[in-house]
Amino acid sequence: MEILLALLVGVLYTTGIYMVLRRSILKFIIGIIFIGNATNLIVFLASGIVAGEPAFVDGSVQNASQMADPLPQAFVLTSVVISFGLVVFALALKLKFFEITGTDDLDQLKKTDN
Amino acid sequence: MATVALPILFPFLLILVFVVIKSSRAAQIVGVLGSASLLAISLFLFIQVNEQGILTLNVGGWEAPMGITLVVDHLSVIMLIVTSFIVFAISIYAIGFMVGNHKTNKFYIFFFALIMGVNGAFTTGDVFNLYVWFEVILISSFVLIVIGDSKEQLEGGIKYMALNLIGSLLFLAGLGLLYGETGTLNMAHLAQILRTSEHSLLINSSTTLFFIAFGIKAAVFPLFFWLPASYHTPNITVTALFAGLLTKVGVYALMRFFTLFFIQDQVFWLNVLLVVAGFTMVVGGMAASAHYDIRRILSYHIISQIGYMIMGLAIFTPLAIAGAIFFMIHNMVAKTNTFLIAGMINKLKGTFYLKDIGGLIKQSPLLAVLFIIPAFALAGVPPLSGFFAKFILFKAGAESEHYAIVAVAVFTAMLTLYSMVKIWNEAFLKESPTKEFSAKGVLLKIPNKLSFIHFLPSIILGLGTVFLGLFAQSVYQFIAEAANQLIDPEIYINTVLNINMQ
Amino acid sequence: MNSVILQLATPYVRSLLIFFAFVALLRGHNNPGGGFIGGLLAALAIVFSSFAFDRRPVQRKLKIKPGGYVAMGLVFLLLSFSPSLLKSQMLMEGVWVTIPMGILGELNVGSPLLFDIGVFMAVIGVTLMFFFTLTNRK
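Protein sequences appear in the order of chains A, B and C. 676 is the number of the first residue of the first sequence in the numbering used here; add one for each residue after it. 2 is the number of the first residue of the second sequence in the numbering used here; add one for each residue after it. 6 is the number of the first residue of the third sequence in the numbering used here; add one for each residue after it.
Simulated from the structure, these hints should not be mistaken for laboratory data. Cβ coordinates follow ideal geometry from the N, Cα and C atoms, glycine included. Misleading hints may appear alongside valid ones.
As the list claims (entries may be wrong) - Straight-line alpha carbon distances no greater than 16 Å define the calculated EDC-like cross-link-like pairs of lysine to aspartate or glutamate that follow:
| # | chain 1 | residue 1 | chain 2 | residue 2 |
| --- | --- | --- | --- | --- |
| 1 | A | K769 | B | E153 |
| 2 | A | K769 | B | D150 |
| 3 | A | K786 | B | E153 |
| 4 | A | K771 | B | D150 |
| 5 | A | K786 | B | D294 |
| 6 | B | K152 | A | D779 |
| 7 | A | K771 | B | E153 |
| 8 | B | K152 | A | D780 |
| 9 | A | K786 | B | D150 |
| 10 | A | K785 | B | E153 |
| 11 | B | K152 | A | E774 |
To be verified - Cβ pair distances, simulated, as ranges:
| # | chain 1 | residue 1 | chain 2 | residue 2 | range |
| --- | --- | --- | --- | --- | --- |
| 12 | B | I500 | A | Y693 | 46 to 52 Å |
| 13 | A | L701 | C | K68 | 31 to 37 Å |
| 14 | A | E774 | B | A399 | 54 to 60 Å |
| 15 | A | D779 | B | V422 | 42 to 48 Å |
| 16 | C | R61 | B | I30 | 34 to 40 Å |
| 17 | A | I775 | B | A408 | 46 to 52 Å |
| 18 | C | I23 | B | L14 | 26 to 32 Å |
| 19 | C | K68 | B | F453 | 42 to 48 Å |
What the hints assert, rightly or not - Computed list of chain A residues with no C-beta within reach of chain C, every gap over 12 Å:
| # | residue |
| --- | --- |
| 20 | L683 |
| 21 | V686 |
| 22 | R698 |
| 23 | I724 |
| 24 | V725 |
| 25 | Q741 |
| 26 | L784 |
Construct the complete structure from the given sequences, taking the supplied hints into account.
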């Protein structure tokens, strides 16, 4: 399971980086979403995945070392919420930029460089 | 000890107040009063830290290392004071300069959200909490940078957003690896674990990710490109705020992490930091001397100054760390001040472009004096703050036989002097050009008058710079204490984890 | 979008969503659920009706604007700090009270509920704000 997920992380990062390097702003944002999901999976994977033993749910924990670690879940939940906000902001910014300039091409963003 | 949380809770309260306030005059007054109270809170914390040592607060009653711990030690309290001092000056500045379509109460909401994030980052003792505060800073700075909705701002905003989003994702990945390896994210607990036992390669991957993430925030050499592309686009008030606070939060995090728990392969990492510091200084300084827009010169100049702070961290002796902290506070005050003056020049002349400006020394002698103070401080002229900051750093470098980096730093100091003299010559000494249109074909606006409210924030910050220079001895003593705590974090670890030393 | 089926189904789905939003809110904290999920469900109810009908009338009919929800949420968050301060406990430490309810048994409420309500409102506001901003195009 962990090897599969590790491969998935790799695939997500590859896809994300490919999308980030494209010229369109929208594709850049999609790439960021991919990388964000891959990162969340890393947080899960690095702390060890335990299947079928949710933490603290029924209050009858026999062996705390066997149940899933609730902390990474809290981290991932928080970071999912944060990236939700960031992605929406990025999309709003992109829409506004498109309305004003009529372009979605990152190569046209040269005005502030010199 | 709920006072420890006040630097975070108070801005939160202010945000709620600004949601309700409708009139912009009231918002301005509340902004100034609020930031003055914030300054009072930080000074109160300073007194407490002086009397009782490190203050901690276990939020929610969960003992460290289980819960989130807020820690105010010497370094944190120094940063809190300087932050609220700058914020106080900028909140006055905003009255005179957040005008036209930049005049909005939304500014104050996100202004204080940014302050809340910065204060949170300075006080937290938990890595994940630090991530959350970084995101708070990031989101509020996104909004601040695009207030006004001009084409350039949106473009700068996109560039700023792109690199910083990637930076925070790398931060998160590094955090995940760190948690996986040690099973904790409390900084003191991490320090305890990583100091007592050998750890695997995973820590090195985590260190790399953190280094890049904080490097992006701090704008060090290969990762700084977002800064000059975006800092000159927003309203000058926002730029001054960013210049004073944002990159320094990154430097603070680097300092905290690389002294407290990233001590595996320390020789290698300090060498990396040293090389990065050298390149940051030189590249920033050279780029600054090539430009003619004041905001651009100053933006590149921020980067070059970040190099000095990293240099202090990389030399890693108590004296060098103290020098880095001294340099940081000196730089926060003086750098913000130069941006404030750039805004005033723009108000008088209608442009930031040096070739279209001139004769300011006759037009406004007070402005010339105000510019001299931070410019000389940045260039390192005694008895202003920059001289002592650079002197401590050079002395530390020479004592520990890092001659190459000292040579680079001296060279950069000359570049700094050059770019400051350039602004001085072009803007103040040179005769005013008599053209109606600027070199870029923009109609030069009818000059405005500056009133006392426009000058006041710069006067306050200038006095701060002079104070840092005149009382360098007593300031240095407190900073040396902070540096000793960083080099030898035993007290920090014991206080946070509540270990009795007997 | 102009679909009769969707428009007829919307009132039922909407009430269901709001009902479950409150279930999730009250059940939360120690069990799956909580303010965030509840808030998302409640916001979904409004998003759903603006899909079925038009966005504009729905936005106009909202009694409290999204910004108002966020502000109220923040007030509740701030309120949730106060019980711990009044009892001079650690900041944000949970304060629990048990209210006897006669034959219904007893009710166990605590300051985390205030926190959850705050999150609930803030999430409704923020989600609606996101939705209306992104769909508000000519």
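Which numbered conditions among the earlier hints are violated in the structure presented, ordered from lowest to highest?
Per hint list: zero violations.
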